[in-house]
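Chains as they are written, first to last, in my numbering: chain A, 1 to 226; chain B, 1 to 230.
It should be emphasised that the hints constitute simulated quantities derived from the structure, not laboratory data.
Here are some chain B residues the structure puts well away from chain A; computed CB gaps all over 12 Å:
no., residue
1, I30
2, E73
3, R76
4, L167
5, K172
6, L204
7, A205
Facing chain B, a subset of chain A residues (Cβ under 8 Å, in silico):
no., residue
8, G80
9, A82
10, T184
Positions of the beta carbon are idealized from the N, C-alpha and C atoms, including for glycine.
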Amino acid sequence: MSSLALSFELAVCVAAILLLIGTPIAYWLAYSNWQGKFLLESIVALPLVLPPTVLGFYALLAMGPHGPLGKLWIALFGHGLAFTFTGLVLASVVYSFPFAVQPLIASFEGIDRKLLDASAVLGAGKWRTFRRVILPLSLPGAVTALVLSFAHTLGEFGVVLMVGGNLAGVTRTASIDIYDRVQTLEYGEANHLAMLLLITAFAVLCLVYAVNRRVWTPAWTPWTSK
Amino acid sequence: MAAAADLKFAMEDLSKEFEHETGTKIDVTIGSSGNFFAQIQSGAPFDLFFSADMEYPKRLESAGLTEPGTLFEYARGQIVIWTPPDSPVAVAKLGWNGLLDSRVQKIAIANPALAPYGRAAVSALQKAGIYEQVKGKLVYGENISQAAQFVQSANAQAGIIALSLALSPGMKKGTFWQIPAEMHPPIEQGAVMLKGAKNKTAALAVLSFMKSPAGKRTLENHGFSVPGSD
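This is chain A alone, in the form it adopts within the complex:
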C-alpha cells in the first residue's frame, strides 16, 4: 500500500471514531451544568497546545510493556501497541480529539434553547430531541468535525514519527514518507507526495468553509441569521 493510501485509511478510521465518541462528549460539555466542566474542556483542548513530541513521548511510554495501555494490550493480544496500525489510530484519536469535539460543542451551543424547550414541552424525551432537533441543526458542525479531524490526522507527523517505527504499509504514512525522501535527497518524489497532500488539504478546507458559509444548501440552516 502506498504511504498516501495508508494516511487516508488512518484519517478515515480516526475521523469516524472521533465522530462516534466525540458526539456524546460534546453533547455533555454543551449542556451539562456541572461546575467542574472547565476541567474536562481543558483536557479536550490539550492536544491543541501540546507539541506532538509530548503526545508521542507519552504514547510511546503508555504503549510499552510497562505502560497501562501496553500492559492491557499485551494481556489481550500478546503484543504491544507501538509499531502497529491500531496504535497509530489510538494515538491519532487523542491527537485530533479537539478538532472533532470543539466544532461539535460550538454547534450544539449555537442551537436556540427555545427549540429544545419547545421539543420538551411537546413531550419529546432527550434522545428524541437529540435526533429530531439537535442533530439536524448541527449537521454543519458534524461535517466540520469530521473533515477537520480527517485533515488533521492526514497531516500528522510528530506522533507517528515517535510511535510508528516506519513500517511500509503499516505505519509509514505520507508525512513520514515525505520526511524520509527529503532526508535521502529524493526531492522529486518528496515534491510529488507533498503536492498531493497540499491539494488534499486545500480541498478539505474549502469544503469546511463552504459548508459553514452555506454555499450549497441554505436549507441546512433553518435558524434565522442574526
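With chain A fixed as given, assemble chain B onto it according to the hints.
Here is chain B on its own, set in the frame of chain A:
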C-alpha cells in the same frame, strides 16, 4: 559545531576537556547528519560539522562549502545488540541467536535508507545469515537515537544500536553484545571545517584536539574506534 546524534555523550566530555585545555567554549548542536547536511547547504552558520558518515562531509567538500584540506575521519562507529535490563533473553551470551528468540517480537534499528548505523545493522544481519528470519521483526528509527529509544522504552525487545549509546547513562543498565567490526562495512565518520567559519583558529584547534591522544582516548571511552590507534 554541528555533531551527529551518536556523538552526544562523547561531545559533552570532549567539549569540557577542550575548554579546560584552551579556555575556548564549544557550542555543540546535536542532530541528524542528514538534517545538518541540508541546513549547511542552505547556509547554516556552523563552523564545524561532525557527521556520522563520510558521505555528507565529502559532498559538502565537492560543493565547495568546506575549508579545503580539513576533512578527516575522526572515528568509526561500532554496533551492539542491546536489550533492556529486565529482558528474559541473555543476549550477552546468545549473540545473534538472541534475536531469534520468540520473545523478541520487535528489533529496533536505525532506518537503513537514512542512517549509516542502519545500513551497518542490516549488512551485519545478512552476514550472520539471519536477515530473512528477523526481517519481519524490524522496526525503524529515524536515526540511531530513536532506535535506541524504541528499545529503551521496551516497545521493542532488542535493538541494534551504536555502542556509544549503549554506554550512555540512560542505557548503561541494559545488556549488550558487541557485533564484531568485520561483520559490517566500517561506519566511518568524517569531520570538516566549513567555509565561512567565524572562528577559524578555534575550529582548527578543535580538529587537532580530536586528533590528539587525549581526544582519541575520550572517543574510545565512549564506544568509538579511532583510526590509527591501538
